[in-house]
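J.: Based on these hints, arrange chain F on the given structure of chain H.
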Amino acid sequence: MKILIIEDEKELSASIADYLSSQDYTCDVADDFAGAIDKTEYNNYDCILLDISLPGGSGLKILERLKEDKKTDGVLIISAKNSLDDKIQGLNLGADDYLSKPFHLSELNARIAAIIRRKNFEGNNLIEFQNLIIDTQSKTVTVNKNLVELTKKEYELLLYFISNKKRLISKDAIAEHLWGNDMSGNFDFIYTHIKNLRKKLMDAGDADYIKSVYGMGYKFTNQ
Amino acid sequence: MKLLAKYNRVTIPITIATLLISSIAFYFILHYVLVHQLDKDLLIEKQEILHHISETGTLPEVSNYKDQQINFTLSKGQVLKNKFSTQNEYDKSEDEEETFRRLDFPVTVKGNTYIATVRKSQQETEDIVRLILMITFSVIAFLLLIIFIANRLLLGKLWQPFNNTIEQLKQFNLLGKNEIELHKTNVDEFTDLNSAAFLMTQKVNADYELLKSFTENASHEIQTPLAIIKTKLELLSQSENLSEPQINAIQSLNAATTRLSKLNQSLLLLTKIENRQFVTTEQVNISAILLSYLDNFEELAETKNISIKKNIGKDLLVEMNESLAEILISNLIINAIKHNHKEGSIEIGIEGNALSISNTGNVPTNGTSEYFERFKKDSASNDSLGLGLSIVKKICETYGFLVSYKYESERHIVSVQFTG
Numbered sequence: 001m002k003i004l005i006i007e008d009e010k011e012l013s014a015s016i017a018d019y020l021s022s023q024d025y026t027c028d029v030a031d032d033f034a035g036a037i038d039k040t041e042y043n044n045y046d047c048i049l050l051d052i053s054l055p056g057g058s059g060l061k062i063l064e065r066l067k068e069d070k071k072t073d074g075v076l077i078i079s080a081k082n083s084l085d086d087k088i089q090g091l092n093l094g095a096d097d098y099l100s101k102p103f104h105l106s107e108l109n110a111r112i113a114a115i116i117r118r119k120n121f122e123g124n125n126l127i128e129f130q131n132l133i134i135d136t137q138s139k140t141v142t143v144n145k146n147l148v149e150l151t152k153k154e155y156e157l158l159l160y161f162i163s164n165k166k167r168l169i170s171k172d173a174i175a176e177h178l179w180g181n182d183m184s185g186n187f188d189f190i191y192t193h194i195k196n197l198r199k200k201l202m203d204a205g206d207a208d209y210i211k212s213v214y215g216m217g218y219k220f221t222n223q
Numbered sequence: 001m002k003l004l005a006k007y008n009r010v011t012i013p014i015t016i017a018t019l020l021i022s023s024i025a026f027y028f029i030l031h032y033v034l035v036h037q038l039d040k041d042l043l044i045e046k047q048e049i050l051h052h053i054s055e056t057g058t059l060p061e062v063s064n065y066k067d068q069q070i071n072f073t074l075s076k077g078q079v080l081k082n083k084f085s086t087q088n089e090y091d092k093s094e095d096e097e098e099t100f101r102r103l104d105f106p107v108t109v110k111g112n113t114y115i116a117t118v119r120k121s122q123q124e125t126e127d128i129v130r131l132i133l134m135i136t137f138s139v140i141a142f143l144l145l146i147i148f149i150a151n152r153l154l155l156g157k158l159w160q161p162f163n164n165t166i167e168q169l170k171q172f173n174l175l176g177k178n179e180i181e182l183h184k185t186n187v188d189e190f191t192d193l194n195s196a197a198f199l200m201t202q203k204v205n206a207d208y209e210l211l212k213s214f215t216e217n218a219s220h221e222i223q224t225p226l227a228i229i230k231t232k233l234e235l236l237s238q239s240e241n242l243s244e245p246q247i248n249a250i251q252s253l254n255a256a257t258t259r260l261s262k263l264n265q266s267l268l269l270l271t272k273i274e275n276r277q278f279v280t281t282e283q284v285n286i287s288a289i290l291l292s293y294l295d296n297f298e299e300l301a302e303t304k305n306i307s308i309k310k311n312i313g314k315d316l317l318v319e320m321n322e323s324l325a326e327i328l329i330s331n332l333i334i335n336a337i338k339h340n341h342k343e344g345s346i347e348i349g350i351e352g353n354a355l356s357i358s359n360t361g362n363v364p365t366n367g368t369s370e371y372f373e374r375f376k377k378d379s380a381s382n383d384s385l386g387l388g389l390s391i392v393k394k395i396c397e398t399y400g401f402l403v404s405y406k407y408e409s410e411r412h413i414v415s416v417q418f419t420g
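Order-wise, the sequence lines are chains H and F. Quick note on numbering: the first sequence equals residues 1 to 223 in my numbering. Quick note on numbering: the second sequence equals residues 1 to 420 in my numbering.
Derived from the structure by calculation, the hints contain no laboratory data. Just so you know, not all the hints are guaranteed correct.
If you anchor each label on the Cβ, the simulated ranges turn out as follows [said to hold, decoys possible]:
(1) H:Asp-32 - F:Phe-162: 53 to 59 angstroms
(2) F:Asn-217 - H:Gly-205: 49 to 55 angstroms
(3) F:Ser-404 - H:Glu-128: 53 to 59 angstroms
Pulled from the structure, derived: some chain H residues nowhere near chain F, Cβ distances all over 10 angstroms [said to hold, decoys possible]:
(4) Glu-41
(5) Gly-56
(6) Glu-64
(7) Arg-117
(8) Asn-125
(9) Glu-128
Here a beta-carbon is modelled for each residue, glycine too, at the ideal position from N, C-alpha and C.
Extracted from the complex, chain H is given alone in its bound form (with noise of 0.2 angstroms):
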């Protein structure tokens, strides 16, 4: 899966590569317009991240370019400016998803997933883990081919850990991811999510594969 990180902050850019790489992305950096212009237009690419105001010209106007071009990459801007009318014209432009700065890492992967997903729809809805089976489609999850019920948040909850597998993912991150911006820094709601979901998966067989990292958060491994 290849990645182009369109970002003109060199540090948020290397995190980025960074945390992608270790999901198996393959990151390439562009950090002005020309060279975005440049790289969009010899490249394909499953995912563009793209960051509004670049020096040398908007993030809009690539993203246009794109759209001239007919090309099918998957665009995610990732903007600091949390202005309306840059998310409305972003998405009116064909933009797939729009994430505002500051973000999570471990967000920003699982939209990421989230467009390659929808993009490849014609593909393999499912996302296998071990004994786990994530149907996107009709949105069910079996574990040794047992239905699991999950609720509307567990479902999300898993798909969140699933497409952020192996790594550490802070409580302020499921908590935004959950239920938006305003509800980060309330721990104990996630706290009892994280159990039943944990609890659900163990009486279906066996996977347990969300574990507790003291004082940090929560990973999805199965080591």
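T.: Relative to chain H, chain F alone:
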């Protein structure tokens, strides 16, 4: 007090006083001149009498007409020269005082000295003076009336450019009508006023634009370093073999960064609402938004075993910005969940055009009115910024909705009256 009234308050008494004083002066002068004329006539009469005496050597006939009487009395030696005087006499036939002017002078006929008295009626003179005075007073009254009316009409017209400018300034609004249309005028003062008003609005507009872009840019500039801090911390926390103090440090840094970022976003949101940058409005279905957010937060409430009782009747349609409606509703619901205790309850109802959300929770420690102020919060829930309700309030103020908070029968009740 109006300028015209203030102006009139000074000019009208002065005008009246001036006219009054000059009328009195006019009266005396006129009186003097006319009496003087009468005296001249009396002197001519005297010449005629003297002439008659020197011609005939006899006294003329005593005459007694209505307007002129001539009389002679034997002198006892007291009058030696001309003596003018005015006398009043009651006239029986006309039943009124009549004024006469008389001249006494000595004449000598055949060695006898007489005092000749010529008397002329002064009544006509008095009548003329009175008439003239009356005319003068009417002219003054008429003049005052004319001045008053003219002032009204003329000044109203003269001040029109000024009133127009004031009206334009009143309608001036940074977000709607941010340009003023000033009428051309050939009065220097008003031209000055207009150019000053024009320059001022230009400056206000420019400053406002500057402020807007500053807030946007400031938020942008803050979010980017925050993003770097946050991602680096996340990467750092992935490393194996972190010691406990390191873990604690990373956690504190994470919490502080999140707080800072939320603070920045909330303040930016408040500024944007204050600057009325959410201009587009549409028919928003409050009931539908409420139901979808309740659906989203239902599981969240369940983790605390909070029961939610809904009483949402008909669709409540409100003309407002959709994003703001969503922020308003989600803030209210989150507030009710966050500040609730385990096994608590939330009641949500829509009645008419009022939405009310009540929840159980800790007894408020401070005054309840402070909840809508920025950064005021109950100390129990430290992770909240205390900006939620002030955002709610700001949104309501923007649209003129009434929002109120009360603590009653152990419940926190926030209600919003969507008016208009």
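J.: Among the hints numbered above, which are violated by the structure, and what are their numbers in rising order?
T.: The structure breaks none of the hints.
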